[in-house]
Amino acid sequence: QVQLVESGGGLVQAGGSLRLSCLASGNVLSINYMGWYRQAPGKQRELVAGITRDGVTNYADSMKDRFTISRDIAKNTMYLQMNNLKPGDTAVYYCSAVEYRGFHSWGQGTQVTVSS
1 QVQLVESGGG LVQAGGSLRL SCLASGNVLS INYMGWYRQA PGKQRELVAG
51 ITRDGVTNYA DSMKDRFTIS RDIAKNTMYL QMNNLKPGDT AVYYCSAVEY
101 RGFHSWGQGT QVTVSS
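So the sequence shown is numbered by our numbering: it starts at 1 and just counts up by one.
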């Protein structure tokens, strides 16, 4: 199993930046894909960005110009740099990991609130 812990959320004014971190532990060598998702109140959870084990990234179209996903393999940590934040970015942000065998793990989430 893989355990995930997010950090870095908080309250920021519109136009500001935050960097989220996701620390993975457990069977990290089995991870094939990691991603950031978010869920706003009353809305479905949506993909923000993802990164494969080979470093290939993908982004939601609405966020690819402002958000950057990265990772530090040595630290078992994935990051999401979020710039020019907007009130519409307010949500709980979740880290996820998919293992080669298909198991999908989630973190507990970190709240991001963007004030206008």
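In short, the hints are calculated from the structure, not lab data. Bear in mind the structure is a predicted one, so any value in this text is a computation, not a measurement. Cβ atoms here follow ideal geometry from the backbone N, Cα and C, with glycine treated the same way. It is possible that some hints are incorrect.
Label pairs and their calculated CB-CB ranges [claimed, not checked]:
hint, residue 1, residue 2, range
1, Gln13, Arg53, 19 to 25 Å
2, Pro87, Asn27, 33 to 39 Å
3, Tyr100, Gly42, 30 to 36 Å
4, Leu23, Thr68, 28 to 34 Å
Quick rundown of the hints versus the structure:
Look at Gln13 against Arg53: about 36 Å separates their beta carbons, and that is not inside 19 to 25 Å. Checking the proposed 33 to 39 Å range against Pro87 and Asn27 shows it holds: the Cβ atoms sit about 38 Å from each other. Taken as a hint, the range 30 to 36 Å holds for the pair Tyr100 and Gly42, whose Cβ atoms sit roughly 35 Å apart. The hint said 28 to 34 Å for the Cβ distance between Leu23 and Thr68, and at roughly 18 Å that hint is violated.
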